[in-house]
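Engineer: So you can see what is in the structure, the chains are spelled out below.
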Amino acid sequence: MLVTQVPTPPPVLQLSGICKRFSGVIALNDVALTIRAGEVMALIGENGAGKSTLVKTLTGIYQPDGGTIHLGGQAVKFTSPQEAMRAGITAVHQETVMFDELTVAENIYIGRQPTKGFPPRIDWELIESEAEKLFARLEVNLPVRARVKDLSVAQRHFVEIARALSQDARVVIMDEPTASLSQREIHELYRIIGQLRAAGTAVIFISHKFDEIFTVADRYTVLRDGCFVAEGALCDITETDLVSLMVGRAIHQTFPKLDVDIGTPLLEVESLCHPTEFDQVSFTLRQAEIVGFYGLVGAGRSEVMQALFGLSSNVTGTIKLNGQAITINSPNDAIAHGIAYVPEDRQHQGAHLSLPILHNITLPILSRIGFFLRGRRLQENAIARHFSEQLELKCSYLTQNVSELSGGNQQKVVLGKWLATNPKVIILDEPTKGIDIGSKAAVHRFISELVGRGLSVILVSSELPEVLGMADRVVVMHQGHIKKVFARAQATPENVVAAASGSELPSEEAAA
Amino acid sequence: MSQANQGIKAIFKQREALLAVLVVVMIGLVGLRAPVFVSPTSLANLLTDSTLLVMLALTQMFVIVTRGIDLSVASNLALSGMMAALLASKHPELPLAVVLLVAVAIGLLLGLINGWMIGYLELPPIVVTLGTMSVYRGLVFVLSGGAWVSSHQMPADFVAFPLGRLLGITHLVWIAAIVIALMWYLARYTRFGRDLYAIGNEPASARYVGIDSARRLFWTYGLSGAMAGLCGYLWVARYAVAYTEIAYGFEFTVIAACVIGGISIAGGSGTVAGAVLGSLFLAVINNALPIMKVSPFWQSALTGIIILTAVLINARGNSKGSRQILPLHLVNPSSSRSAA
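Chains A and B, in that order, give the protein sequences. This note's numbering puts the first residue of the first sequence at 1, with every later residue one more than the last. This note's numbering puts the first residue of the second sequence at 1, with every later residue one more than the last.
Chain A on its own, in the form it takes in the complex:
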């Protein structure tokens, strides 16, 4: 941490009153952000707090619906990413802007290669020597002729930082840059951030890890639910206060949590391991229980669920159902054992958008209905009607294509489809992501009804209120491991967020 000088320089970047709406949903509401040259600003917030939207607004990918952006004292409007880049704002993304088949040097200068002579030819010597100079400045050893596809994640970040340097960027945004770096690489990154700061570049640093934030950043800005919450110097605040700023809210929504008798263990997972995605994952799901899986985006929750549903290879460990060890090598095995998985990406993995509702619902159970079309028509109709009524599906008729439905109703179709398989365990991966409040409530009610009927539910969600409101126990994952398991009573927002961030805050004893 640097001691902030008393006569502070003027802000290099100032955002005020930024608003952004997506078809009625407010993503950013009156957000302010101020950053000075040579300062590292930590942008903090839960999943879905609006950090990524803000970054995309700053880098010209989205245009704000309201508010102003001042860069170096002048009001600016970016209509395209190039304009933001030319004005000196660059971002090092989680999903990097990289061209795998091109060399390191070319990636730095792509789209603006220097040329010489006539007819103009690209000056490769200049490009490569300039790239070498940039890496020498960063004190990073990287062969400029290597192809980017052969680089590690950290090395890709260095390429992007070099690109930012080559454009004399005034503001560099790093969106979770350490997400998959090793300890040594993280220290390398810290050193480079130090260099950027010394050169007078403003850095916006987005991270969920408090140790990192306190190590590299000077100031913080907290966002919550798309709103600006607080701003200040990191030397004036403690980790605990920061966590409560992030989550500090009463949970307004009420959840239709029913009191059901939780039964005996139904699904027992022991030491589930994957070479790169997760390690030593063990948990138990009991009859009529809802277990919530919380964690940061990319913590490995969906990957564990996909492994349980037979979608991954190279998975080791034991899975027991009703005390008996089972093997799941494919989704067919999982369905046969009564496990259903409702994936996160309903547009691509969940629903068949161009098929009618009817056929979506009966797709996984066609073999049970019968082979020949004629005989199964009525039965198919009956099944589809049953589930669409149960889920309060809003549609004109059951032969309507799923693509014509709203997001919430599409999700209901996907749920209905998996319920039709009559599962014992249903895994819901982000079931309310991107759907409106009314549909959310219907999905929540429905989850409660499911456990009322004796089903067990695994609820993977990045929405803290949803997990806390619905789950009997909360499993928190962090970097591919189970960090902690909280019983409902112990699962306070502070505890859960701290565990998900990998922080070792003193907290109440974790329940078994």
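Simulated from the structure, these hints should not be mistaken for lab results. None of these values were measured; they are calculated from a predicted model. Heads up, some of the hints might be wrong.
[Claimed, not checked] A short, non-exhaustive set of chain A residues, derived as facing chain B with CB atoms under 7 Å:
| no. | residue |
| --- | --- |
| 1 | Pro-81 |
| 2 | Gln-82 |
| 3 | Phe-99 |
| 4 | Glu-101 |
| 5 | Ile-110 |
| 6 | Gly-111 |
| 7 | Gln-113 |
| 8 | Arg-121 |
| 9 | Ile-122 |
| 10 | Glu-125 |
| 11 | Leu-126 |
[Said to hold, decoys possible] So the derived list for chain B, only partly shown, Cβ under 8 Å to chain A, looks like this:
| no. | residue |
| --- | --- |
| 12 | Arg-194 |
| 13 | Ala-266 |
| 14 | Gly-268 |
Every residue, glycine too, gets a C-beta built ideally from N, C-alpha and C.
Knowing the structure of chain A, use the given hints to seat chain B on it.
Structural biologist: Same frame as chain A, now just chain B:
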């Protein structure tokens, strides 16, 4: 597993060298069975025969590099070739250079129609070029009324040019050599060429770095069309006949040459050397098999098997791993990926 991968990668890296060796070995083997095949005259003919394929494969390479495909090249070739033949037969007084330019201009125009729909209207390349493939082929019939333009209707210089010689080498070979040099320059030393690789690698990222993809695609298909126009004249003059079925199905030979040459159909990678060697490879096979008295049906099947093998090698080289979520420093070093 990693060793096998390394092995495949090593082959993949030297793919052009491997192809070159294969071409030479094949010529040698066929020569053992049929010595006439390796006589200087026969090899020179083989070279001349392969030129049209080489040129078309080069521009098709750029199209494929952008994640596209141009199925209309052969129809475009037939249409511009037919128009050049009709023009030359109706106006024998026109200098050859004018006829040639007209053929190229027609090809360019037909290609730009593809490029406009694919670049600016953002229609899928396979659908657009499938459509224009039929349209252009249909127009050949409409224009010619289904009749042939045969050698006696064409001016003598028109027919003589492709096989005419300069320093003992046919004009066809000279033209192909110039085209290869130009395309190599385009791919390596121009913004245009480099942008195409960027577009094929990551279309969204290409937009972020300020590449005007629509304009690039427009001219990429234009280039493919112009080359089809040039080859249209050369084809008609070389074989001294123009008819509706000219180069029928040749687009697949062109695409096959690209695939064999290691140009990834998924876009983003491919070299000029690959396209040239892939074409030579196919040309050798197509010329050698009849000499070896292999039935035409087997020739077709063998070509197919070779294409599938090439695709298989491509796919193995590009297999993607799973996500890295576990912190790298905790991972067993033997299983961690190789950092360059």
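Engineer: A separate judgement is required for each hint: does it hold in the structure or not?
Structural biologist: Evaluation of the provided hints:
1. Because the beta carbon of Pro-81 (chain A) sits about 4 Å from the nearest beta carbon in chain B, less than 7 Å, this interface hint is met.
2. Annotation: Gln-82 (chain A) was flagged as interfacial toward chain B, and the flag holds, the nearest CB pair being 4 Å apart, inside 7 Å.
3. With a least beta-carbon distance of about 4 Å to chain B, the hint placing Phe-99 (chain A) at the interface is held under the 7 Å criterion.
4. Restraint check, Glu-101 (chain A) versus chain B: the minimum CB separation of about 4 Å is within 7 Å; hint holds.
5. Taking 7 Å as the C-beta contact cut-off toward chain B, the hint placing Ile-110 (chain A) at the interface holds, the least distance being around 5 Å.
6. Using the Cβ-Cβ criterion of 7 Å, the hint placing Gly-111 (chain A) at the interface with chain B is satisfied: the shortest such distance is roughly 4 Å.
7. Interface hint status for Gln-113 (chain A): upheld, as the beta-carbon distance to the closest one in chain B is roughly 6 Å, under 7 Å.
8. The criterion of a C-beta within 7 Å of any C-beta in chain B is met by Arg-121 (chain A), whose closest approach is roughly 4 Å, and the hint holds.
9. Below 7 Å, beta-carbon pairs count as interface contacts, and Ile-122 (chain A) has one with chain B at about 5 Å; its hint therefore holds.
10. Of the supplied interface hints, the one on Glu-125 (chain A) is violated, with its beta-carbon coming no nearer than about 12 Å to a beta-carbon of chain B, more than 7 Å.
11. Of the supplied interface hints, the one on Leu-126 (chain A) is violated, with its beta-carbon coming no nearer than about 13 Å to a beta-carbon of chain B, more than 7 Å.
12. The closest approach between the C-beta of Arg-194 (chain B) and any C-beta of chain A is roughly 6 Å, which is under the 8 Å cut-off, so the hint is satisfied.
13. The beta carbon of Ala-266 (chain B) comes no nearer than 10 Å to any beta carbon in chain A, farther than 8 Å, and the hint placing it at the interface is violated.
14. With its C-beta approaching chain A no nearer than about 5 Å, Gly-268 (chain B) sits inside the 8 Å limit, and its interface hint holds.
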